[in-house]
Amino acid sequence: MSHAGSEERAGSSPYRLTFDGTAVTALPGQSVGAALVAAGIVAWRTTRREGRPRGLFCGIGVCFDCLITVDGHPGQRACLVPARDGMRLSAEGDRGGDGGDGD
Amino acid sequence: MVMAAMGTDRPMYDVAPTYDVAVVGAGPAGLAAAVGAAEAGLEVVLIDAGRLPGGQYWRHDEHSTPPAHHHGRLFARLRARLHYQRRLGRLHYLPGHQVWLIDRPRPDSGPFTLRLNGPYDTAPVERDRVRARSLVLCCGAYDRQLPLPGWELPGVMAAGGVQALLKGHRAVAGRRAVVAGTGPFLLPVATGLAQAGVRVLAVCEANPAHGWLRHLDGAVRAPAKSAEAVRYAALMARHRIPYRTRATVTEILGEDRVRGVRLDGGEVLEADLVALGWGFTPALELPLMVGAATRRDLDGSLVAVVDARQRTTVPDVLAAGETTGVGGAAPAVAEGRLAALSLAAAHGLPVDPRAVRRLRTAIRQGRAFAAALHRTYPVPDGWTDRLTERTVVCRCEEVTYGELCRARTDLGAEEPRTMKLLARPGMGWCQGRICGFAVAAVTASLTGRPATAEDLRPLSARPFAAPVTLGELAGMDESAELGESADDADEEP
Amino acid sequence: MPRTADLVVIGAGVVGAAAAWFATLAGLRVVVVDRGAIAGGTSGAGEGNVLVSDKEPGPELELARYSRQVWGEDLGPYGEWWEFERKGGLVVASTPAALAALRTLAERQRARGVVVQEVSGAELHDLEPRLTREAAGGALYPQDAQVQPMLAAAHLLRLARRRGAVVRTRTEVVGFLRRTGAPGGGAGAPAASGGGAGAPVTGVRTPHGTVSAPAVLNAAGTWAGAVAGLAGVELPVLPRRGFVLVTEPLPPATVRHKVYAADYVDAVASSDAELQASPVVEGTGGGTVLIGSTRERVGFDRRPSPAAVRALARGAIGLFPMLASVRAMRVYAGFRPYCPDHLPVIGPDPRAPGLWHACGHEGAGIGLAAGTGKLIAQALTGEATDLDLTPFAPERFEFEEGGADEPRGE
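Protein chains in written order, with our numbering: chain H, 1 to 103; chain C, 1001 to 1493; chain R, 2001 to 2410.
Simulated from the structure, these hints should not be mistaken for lab results.
Selected chain H positions facing chain R (in silico; Cβ < 10 Å): (1) Arg-48; (2) His-73; (3) Pro-74; (4) Gly-75.
Label-pair restraints from in silico Cβ distances: (5) Ala-2384/R <-> Thr-1447/C: 39 to 45 Å; (6) Thr-46/H <-> Cys-1405/C: 22 to 28 Å; (7) Thr-1245/C <-> Gly-86/H: 47 to 53 Å; (8) Asp-71/H <-> Asp-2386/R: 56 to 62 Å; (9) Glu-2134/R <-> Pro-1124/C: 29 to 35 Å.
Examples of chain C residues toward chain H, derived with CB under 8 Å: (10) Gln-1056; (11) Pro-1119; (12) Asp-1121; (13) Pro-1154; (14) Gly-1155; (15) Met-1157; (16) Val-1162; (17) Leu-1165; (18) Glu-1398; (19) Arg-1433.
Ideal Cβ placement from N, Cα and C applies to all residues, glycine included.
The task is simple: from the sequences and hints, build the whole structure.
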């Protein structure tokens, strides 16, 4: 797994993102899903019913399998969100940020 | 607490402009329609979910353009004309906007309001709605999928998704790949992977495939396509990619990610990437939302019915490209142009009849070629035989084939709508986009009949056409609904 | 399809399914026919409300209490199949005035045997942690429950089939068999149908054949008026459109009860044709949250209405502010079959002996189905009914023609 044709990008430095704390780099213009896959991370969502791993499937915003939390926004399609420097990605889980049981 | 306050003040006038035409989709058909309509003198808004024009067919990134052999020069010209019309102020281009609702004061008349949002939470959204007197729906298509054991494992992707990663994101999803399914689109995916350094173990083409060239004989002339086939054959040879015909992946192996595939002869290929595609499924939610008639096309897909002027059965709604039948870029562009001329004529603008004739000829030839492809690369009969009790059919709701069978035998689900209500396929995030074709086929086969358009519709209709937050719904502008409920309520007996 | 039966049920929705099950249980040979699919009409477009909380004291509340008992007891052993959940209803009052009105209603309901617990503003959040902080207080109705209505209809029909009932979908009733020679009856032939009000109904005609039966039950929901019309009798059942919003799947227990605003009862009881909207919010086993409810009389128009959708979203966010950032995946419309007096029609029709009705349950049909089915079975087999059916009599709308003076069947 790699960034294909990254030599074309000579001159522009890659973005640095984190996925659940792990550093991931992305080329400008890449989606966060592409960046994860290029980093060898192929799954980041766990299904509700069977607890199975999922990642990119359709790759074009149709299947919603690649849902991920981006900077605290849950339920984002990783294949559509452009990577940005400093983005925090986390595995799709509880919507704790939306109100929380404790509030 | 915010309580529903209906019948609130409505503004005396609507400040939002009403365009002559809204074109949805900036792929080959949509670009051609939007540019053509603007050049004919109409006020156009072009709405596209993608960040860049071109759609799935002409997918590229900011640093490249599609290669010339994919009608790339045609794309480059259309894109230049798009930007020229924008500069002239005749065409308003809204990339990165998805349409989630289209409504109209009455089913058959009045301006359309298209409600828009971004494809992700923080996406910049320039307009949350536009109004237009007519629509051209050019919504494109995505890979058709047939479920098989293990297809939900990470590392298994739609062929188009693999291609999108390569063309749009410069990323490759594995090191050892198998490309499987049917149709000529498998070839560029395989050669694209090989060119990016991936070892492609095989292209598994389920059909005999040699029929392609045979179908090209006679009336159908498509030299560009033939040249393309020759070029891919050369690329396949250069990268030593085995092209296996009548070869089907029957099972995908792995625990938490794909480790390999089993072929119908029992042979196992070890791979970490599997690209699957069985032709294409047009996105029909918007045609269905506005009430357009649909039919089942030669390839088994639900498509919008259009007349010789690209008009759907709903007044002021036209459609072009894959929305009217999967056929590739060439007929899509011709249909888009014809739709533009058709709208121009409807507005009383001058239209060259020779141009119309040329476009109709191009569409006829393109459609004939597509028909030849559909006949050569059908979804093989009996594919449901590979499904096992535990095979996931609906990926979102994790509904298995066994559950569909029980909903049929125990609960009496005889058609897909009931199947959906009783077993939940198509009720999850994707709303049946991925499993719709399969659920229709499985339900029909369990009921002992072939799938019909009636089977396809319940899993193709999607109000909403895209997810929308309740906050957006609550904040919907009210000015676009003049006369809506009051008029209809008067009809009450 | 069998040529004869003891009972033909028209309609494979939840009401017809419950009637078929209880009639089968009582030993009747039952044939169920539906012009469409199982639960293809209103049953497939509701939220699965089994509510006692939203009823004013009166015949409907009595039926609701009775039906809730049938869901929980007679049908209790099968509850898992249709996701029967005793989740309880939580009615939320936004203002002190609304709370006072709610308390008054609760007191009157309590006098009729409804279990109600008053809930203070502070206690609301122990019950529903994500509820708005703005609420003045509320009332908890532990008897309120939820079912998955399509599964309920399908499994009740499966149970009935196991006991010998026959279910035929895509089989539309196109006419009734009438007894010849009866006063006002058709001209001679046993297959005479329509226009023969007064002549006994002796079966149904369908494109796939006829079924003779001494009793035919009209459980056709929103289309029950048209079915009655085939028998030459008028039944004022009309559609009242409702939309339901479905959110993306949320973590379990995001919304724990069936939560609705205190003004829901007014909207239910309203006869206004204009859009009525009052929020009802609840979680489902699938993780989605369902948001109702709107009511408007617009005929059979299914197109999503921006006004209705906006009202639903506003109401839901008013109750649960966290929902503002939650996505809706879809919206669907259903048509509640309602009568002018908002009471269902349950019982034999003296204007066409042999024809029975179980329809017009408006938005409460899921909840009222179990009780309705059991009552119909009791009446059909000549048993004393557990509830007096007089308030639900089919001929109650006939006063203008003097029909109310006619004898009321057996």
